[in-house]
Amino acid sequence: MAELADARDSKSRDLHGRVGSTPSRGTTMPHHWDSFLYFFLVGTAVFLIGVVMPLIRKDLHWRKASDRKTLFWMIGGYLFYLVGYLAWQYYAIGKL
Amino acid sequence: MTIVGTKLDTFLIIAYFVLIFGFGSYFARFTRSTRDFFFGGQRFSWWLIAFSCIATTVGSYSFIKYSEAGFAYGLPSTMTYLNDWIVMPIFLLTWLPIIYFSRVTSVPEYFERRFDTKSRVMATIILMIYMIGYIGINLYTMGVALNALMGTDTFWSAVVVAVVCGLYVTAGGQTAVIMTDLLQGILLLIAGITLFFLGLNFLGGWDAFWTALPLEWRLPLAKFNEPHTFHFVGIFWQDGMANNIVYYMMNQGLILRFLSLKSEAEAKKTFLFVILVLMPLGAIATANAGWLGKAFIETGILSSDTNAHHVFVKVVEVLCGPGGFGLMMAALIAALMSTIDTLINAVAVVTVNDIYRPYLVHNRDDHHYLSAARVISLLATGVGVVLVPLFAQFKSIYVAHGAFIASVTPPMAMALLMGALWRRFTTPAAFWTMLGGSIAIGLSIAYPVLITPFGHGVDPAGSFKYLRALYGLAVSFGIGVVVTMMTRPRPLEEIQGLCIGTLAHARERFKGGPVNEEKGGTITGHLQIVPGTKTVSLHPSAMQLLKARSGDLVYVCDRRRWLGGLRSVHAKLGPEHREGVHDIHISQDLAEEGELLASRSHRVEKIF
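These protein sequence lines are chains A and B, in that order. Per our numbering, the very first residue in the first sequence carries number 1; after that it's consecutive. Per our numbering, the very first residue in the second sequence carries number 97; after that it's consecutive.
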C-alpha cells in the first residue's frame, strides 16, 4: 500500500509533512545513541556542577539529615531519568 | 477547517468558563494585602502548588504544538518536558533558598539587591516586554485554536478569555491563580491522558499502537543534528539549558508560586514532584494526539495527507463523541487560561514592586498598592488584547515569538546564573553580560554565520533557530567572565543570602534568630483567641513534641488537609501557657490573617 509505505518512510518531515530537501548531514550512530550520550554526558556535567558547588561552598552539608535527604531525592531523580531513557531506548529498538 | 461541537459540548464549555470565573473570584475573600495578592499569603501545601505549576507549564499552544511535533517526529516530542532534571540541583540547592529566605519577590529585585539599580532597570524592561508580549501571544494563539475548533472569531475569542482571566485575577490575585490552576492542571492532565487511553483502545491496545509507529517515532530522542526544524542538540541547548534556566529562575509566575508555599521543605517537595511525576504526565497528555495521529495514518484510519497543524483536532474528532469533545475543549481552554492568569499576576507584581513603588509613588499603605496591583492586572490584560491583532499580522507567530525569546532571554539567564553561582561576579559584569549578550544575539539574527562555530553540524538553512540559545549563553558567559576579571566585586557582606556560599545567613535573617533544625512532630488542638498581636503560644508538652522553643517559626493550619493550606498562618512562637494541653493560644489578628475558623481543629508544626 503506497500510502502506508510512504507514511512508514523514516525520512524526516517538517511540520507541513514535506520531506526534507536538504542534504542529510547524518548522525554517526544508529538509533540516535549519539543524542543519548550527549544528553547524559553534558547534562550530567551540569547536574554535577549544581551539586558540587554548594557542597564546596558549604551551603549543603553531607552530615545534615535534611540535606542528605534532598541529595538522595535528587540523585534518585537523576537515576530515574537515566535508567528510564536507557530502558526506553532498548525497548524502542526491540532489545528489551 | 473547523469542527463544531454539539449543544452539549457548547454547554460544557460555557459551564467551564462560569465555573472557573466563579471559583477564581471566590478567593477575593482571601486577598487582603499585597502579600496575599502576590504570594497567596505563603501558606500552601506542596501538592496544591505542584498541580498549579503544571497548569502554568502547559500553555496556550502546548496541546496543539506538541501534538504537531509528536505527529511529525514521534516520541522525541517529549524531550522538552523530560530534560528539566538537568537544572534540578541549581534550582533546589541554590536558587530556591535565595528567593525564599531573602524574600526576593521578583527577578528585577534580585538584580538590584545582588548588583545595582541599573541592572534592575534593564532586567525590568526585558521582563516586562517578555511578559506582556507573552500575554498577547497566548491570547492570540488561543483565539486561533478556538477558531479552528469551533469557528468562533479569533479576536473575540481572545477577548472573552481575557475578560474572564483578567477579572478573577484582579479579584483574587495569586490565591485565585493558584486555586484555578490547581483545578485546570488536574483537568488538562485527566483530559490529555484520557484521550491517550481512548486512542489506544481504538487502535486495539498498546502493541497495536507501538508497532504502528515507525522506529524513529518510537525512540526517546531526536536525531542529533537534523533536520534543522527539530533536532536533539538544538533542543538540548535551547530548551534543556536556556529555557529551563529562564523557566525555573526567571519566570515570575513560577517564582511567585514557590514563594506561596508554607516552607522551603514544601517547595523542594513541589519541585521534585513536578520534575519526577507531573512533567512525564504532562508530556504524555500534550503530545499523545500526535502519536495517535501517526498511528491512525499507518493503520488507515486517517488520510496520509493529514496536516500536522490539524492533527490534534482530527484525533479529538475521531475519538470524542458529544460531551467528550466539550471536555477536551475545556481542557484546552484550561491550558490556555492557566498560563495567561499567571502572566497577568506576574506583570502586576513586577510593575508594583519594581516600577510603581520604588520610582513613582512612595510610602503609601499596603491597601493603596493592593488597589494599584488590581488596576495593573486589568491594564495588562487590556494591553494583551490590543496586541492580538498585531500578532495576527505575522505569518508564523511561533517563529517570530521564538526568535524574540531566543534573543532576549539568554543574556539575562546567564547573568542570573552567574550571579547566583559565582560570588566574584561583579556588578558591571552583570550589566554588560545583559547588554553585550543582547547585542551579540541581535548581530546573529542579521548574520547567522556567527553561530556556525556552535552549529554542531546543523544545517544553516534554518538560521540556527535553536542553537542561537547556545551562542547567546556562550557569548554572554564570555563577556561576564572578562568584565568580572577587570572589575571589583561587591563586599561579601553586601550580598549575603543572594549567592552561593552565603545561604546559611539567609535562613537566620528570615527567621530573625538562630535556626532550630531539631526534628519534631506536629500537634493538633483548638484555637483560643487571646489578647495581643502576632501571638501564638502552646502548652509546654506541645512545645516538647514539636521540639520547639520560644521564638521559633511555626505554621498553624486548619486540620483539613484537602484545603491545601488555604486556612493557615505563620507565626513566631511566644512564651508557653499553662492552660489546656491542646489549646493553641492565638491573637485575633493572626487568626484573621490566616482565615482560621475557631470552631475547627488545627494543626501546628515547627518550621525552624
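Source of the hints: derived by calculation from the structure; they are not laboratory data. Do not take every clue at face value.
[As the list claims (entries may be wrong)] Some chain B residues close to chain A (C-beta under 10 Å, calculated; not the full set):
no.: 1; residue: Val183
no.: 2; residue: Leu311
no.: 3; residue: Arg314
no.: 4; residue: Ile371
no.: 5; residue: Ile451
no.: 6; residue: Pro454
no.: 7; residue: Leu456
no.: 8; residue: Val457
no.: 9; residue: Arg520
no.: 10; residue: Val578
no.: 11; residue: Met582
no.: 12; residue: Ala600
no.: 13; residue: Lys615
no.: 14; residue: Gly617
[Said to hold, decoys possible] In silico negatives: residues of chain A with every beta carbon more than 10 Å from chain B:
no.: 15; residue: Trp62
no.: 16; residue: Lys64
no.: 17; residue: Val83
no.: 18; residue: Lys95
The beta-carbon is built from N, C-alpha and C at its ideal position, and this holds for glycine as well.
| message | Does methionine 582 (chain B) hold up as a contact with chain A if the rule is Cβ-Cβ below 10 Å? | response | This interface hint is violated because 24 Å lies over the 10 Å limit.
| request: With a cut-off of 10 Å on the beta carbons, see whether valine 183 (chain B) makes it to chain A. | output: holds, 7 Å
| message | The hint names arginine 520 (chain B) as touching chain A; please verify it with the least Cβ-Cβ distance against 10 Å. | response | violated, 12 Å
| Proposed interface contact between valine 457 (chain B) and chain A, which counts if any beta carbon pair is under 10 Å | Hint violated; valine 457 (chain B) Cβ to chain A Cβ min 38 Å, cut 10 Å.
| Does isoleucine 451 (chain B) meet its interface restraint, that is, does its C-beta lie within less than 10 Å of any C-beta in chain A? | violated, 32 Å
| If you take the shortest Cβ to Cβ gap from leucine 456 (chain B) to chain A, is it below 10 Å? | violated, 37 Å
| request: May I ask you to test the interface hint for isoleucine 371 (chain B) with respect to chain A, counting a Cβ-Cβ separation under 10 Å as satisfied? | output: It holds, given that the least Cβ distance between isoleucine 371 (chain B) and chain A is near 6 Å, below 10 Å.
| request: Classify the hint on leucine 311 (chain B) as holds or violated, based on whether any CB of chain A lies nearer than 10 Å to its CB. | output: Interface hint status for leucine 311 (chain B): holds (7 Å vs cutoff 10 Å).
| query | Taking the closest pair, is the beta carbon of lysine 95 (chain A) still more than 10 Å from chain B? | reply | holds, 12 Å
| request: Measuring Cβ to Cβ, find out whether valine 83 (chain A) lies farther than 10 Å from everything in chain B. | output: holds, 12 Å
| task | Against chain A, run the beta carbon of arginine 314 (chain B) and see if the smallest gap drops under 10 Å. | result | holds, 4 Å
| query | Does the CB of lysine 615 (chain B) sit less than 10 Å away from some CB of chain A? | reply | Nearest chain A Cβ about 7 Å off; hint holds.
Violated hints, in rising order: 5, 6, 7, 8, 9, 10, 11, 14, 16; the structure is consistent with all others.
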